[in-house]
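Participant: Here is how the chains run, residue by residue.
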Amino acid sequence: MRELLILVYTFFKIGLFTFGGGYAMLPLLEREIVDKHGWASFGELSDYYAIGQCTPGIIAVNVATFIGYKHKGVLGGIAATLGLILPSMIVITIVAGVLDIFAQNPYVISAFAGIRICVCVLILNASVKFIRSTVKDVFSFIIFIVVLICTIFLDLSPAVFVIFAAFAALIFDKVRQVRAK
Amino acid sequence: MIYLQLFYEFVKTGLFAIGGGLATLPFLQEIGGRTAWFTDLELADMVAISESTPGSIGMNMASYVGYKTAGIPGVIIATLALAAPSVIIIIIIARVLQRFRSSRYVNLAFEGIRPASTALITSAMLSIFALCLLDVSAFRASGSILDLVSFKSAALFAVLWIFTNAVKPTKKLHPIVFIAFSAAAGIALGLN
Chain V
0 MRELLILVYT FFKIGLFTFG GGYAMLPLLE REIVDKHGWA SFGELSDYYA
50 IGQCTPGIIA VNVATFIGYK HKGVLGGIAA TLGLILPSMI VITIVAGVLD
100 IFAQNPYVIS AFAGIRICVC VLILNASVKF IRSTVKDVFS FIIFIVVLIC
150 TIFLDLSPAV FVIFAAFAAL IFDKVRQVRA K
Chain L
0 MIYLQLFYEF VKTGLFAIGG GLATLPFLQE IGGRTAWFTD LELADMVAIS
50 ESTPGSIGMN MASYVGYKTA GIPGVIIATL ALAAPSVIII IIIARVLQRF
100 RSSRYVNLAF EGIRPASTAL ITSAMLSIFA LCLLDVSAFR ASGSILDLVS
150 FKSAALFAVL WIFTNAVKPT KKLHPIVFIA FSAAAGIALG LN
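Sequences listed follow chains V and L, in order. Numbered according to numbering that gives the first Met the number 0, the first sequence spans residues 0 to 180. Numbered according to numbering that gives the first Met the number 0, the second sequence spans residues 0 to 191.
Worth double-checking, as some hints may not be accurate.
Claimed, not checked - Simulated crosslink set (DMTMM-like; lysine to aspartate or glutamate; CA at most 25 Å straight-line):
no. : chain 1 : residue 1 : chain 2 : residue 2
1   : V       : K12       : V       : D34
2   : L       : K67       : V       : D99
3   : L       : K171      : V       : E31
4   : V       : K128      : L       : D44
5   : V       : K71       : V       : D99
6   : L       : K11       : V       : D34
7   : L       : K151      : L       : D44
8   : L       : K171      : V       : E29
9   : L       : K170      : L       : D134
10  : V       : K71       : V       : E43
11  : L       : K170      : V       : E29
12  : L       : K167      : L       : D134
13  : L       : K151      : L       : D134
14  : V       : K128      : L       : D39
15  : V       : K12       : V       : D46
In short, the hints are calculated from the structure, not lab data. Values in this document were obtained by computation on a predicted structure and should not be read as measured data.
Take these sequences, add in the hints, and give me the full structure.
Facilitator: Okay, here's the thing in structure tokens:
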């Protein structure tokens with residue numbers, strides 16, 4: 000029990016002091032998990048990130064679950080995740096409540112009009128980074144273009160495209176194998 | 000039954016959004032469009048607030064949508080629902096870690112999923128661009144293409160792009176710095 004509470008507390012601290020999630024969390028994890036508690040080595044952390052990136056869900060939660068599970072099994076995985084997401088829940092509730100009060104203030108409206116332009120730039124930068132790291136060959140380029148065009152003209156859940164792309168990759172590989180023979 | 004629906008929507012997002020915080024964006028956009036729980040404009044504000052508050056962006060967005068939809072119980076349900084698929088999947092993977100990492104089929108499937116996930120994010124970006132940068136009502140009123148983009152918005156966009164990409168000392172700065180700067184610029188320029 001005590002160990003589980005330490006897990007919750009440690010990840011609560013990490014969640015509270017991480018701005019931006021996922022990768023921004025890495026230096027804090029290094030200090031708390033690798034140096035202070037020794038729950039995982041740095042090599043293990045980078046393994047967790049590699050898998051956390053390509054499995055469903057939020058990277059930060061995936062990594063926290065891995066570390067918690069390794070240290071204290073299933074309950075450890077749950078404890079670490081709860082610790083990590085608690086600060087989000089508390090801070091956002093407060094911020095959202097306060098913003099609702101000031102939503103009609105002309106300065107707040109102007110500030111958010113400026114912030115939205117910044118959001119465009121931040122998402123553009125993230126997209127470019129994603130494109131550079133995931134669109135590397137003809138196959139990934141085709142998938143990227145096809146999904147992009149389909150999302151503009153078809154009103155489907157994004158989940159459909161994720162499943163479609165996974166099968167497309169498996170089929171493409173089969174075709175390549177048959178051709179090689 | 001808003002709680003059940005909220006739970007279902009976020010479990011689905013947690014299960015299919017692959018690649019971290021912003022990967023949830025296309026899913027949230029689709030939820031907003033279908034349920035009218037929040038508008039695209041509110042979603043853009045949520046991104047900004049999620050980037051400038053502690054915690055992972057995806058979790059902050061879930062908390063925010065939960066709050067907008069169903070108050071504090073909504074916060075708890077949306078956030079737990081988003082985390083649940085991750086926790087279950089990771090615990091399963093952690094048990095077969097080596098086999099998972101070297102599985103040919105898993106690796107192949109992700110070769111397709113990664114560019115698809117990128118396309119979904121890019122597509123969400125395009126619609127947020129249309130919403131935040133283009134002034135469609137001014138364009139319709141005057142019919143002039145010049146009114147489609149306000150000069151002030153375009154200038155702020157250009158300045159921010161330069162500082163986040165081209166200027167060495169500033170491009171590594173945390174997004175919160177640029178968000179704070181943009182808020183001040185928005186007030187100074189009287190944007191609305």
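Participant: Determine for every hint whether it applies to the structure shown.
Facilitator: Here is what the structure says about each hint:
1. K12(V) x D34(V): With a Cα-Cα distance of about 15 Å, the restraint between K12(V) and D34(V) holds, given a limit of 25 Å.
2. K67(L) x D99(V): Answer holds: K67(L) to D99(V) is near 10 Å, not above 25 Å.
3. K171(L) x E31(V): The hint holds at about 24 Å.
4. K128(V) x D44(L): Within the cut-off at roughly 22 Å; holds.
5. K71(V) x D99(V): Between K71(V) and D99(V) the Cα gap is close to 41 Å, so the pair fails against 25 Å, i.e. violated.
6. K11(L) x D34(V): 36 Å, violated
7. K151(L) x D44(L): Answer holds: K151(L) to D44(L) is near 19 Å, not above 25 Å.
8. K171(L) x E29(V): Roughly 20 Å between the alpha carbons, so the hint for K171(L) and E29(V) holds.
9. K170(L) x D134(L): Distance of about 28 Å is beyond 25 Å: violated.
10. K71(V) x E43(V): 16 Å, holds
11. K170(L) x E29(V): Within the cut-off at roughly 24 Å; holds.
12. K167(L) x D134(L): 32 Å, violated
13. K151(L) x D134(L): This hinted pair holds, its Cα atoms lying about 12 Å apart.
14. K128(V) x D39(L): Since the Cα atoms of K128(V) and D39(L) sit roughly 23 Å apart, the hinted pair holds (cutoff 25 Å).
15. K12(V) x D46(V): Since the Cα atoms of K12(V) and D46(V) sit roughly 23 Å apart, the hinted pair holds (cutoff 25 Å).
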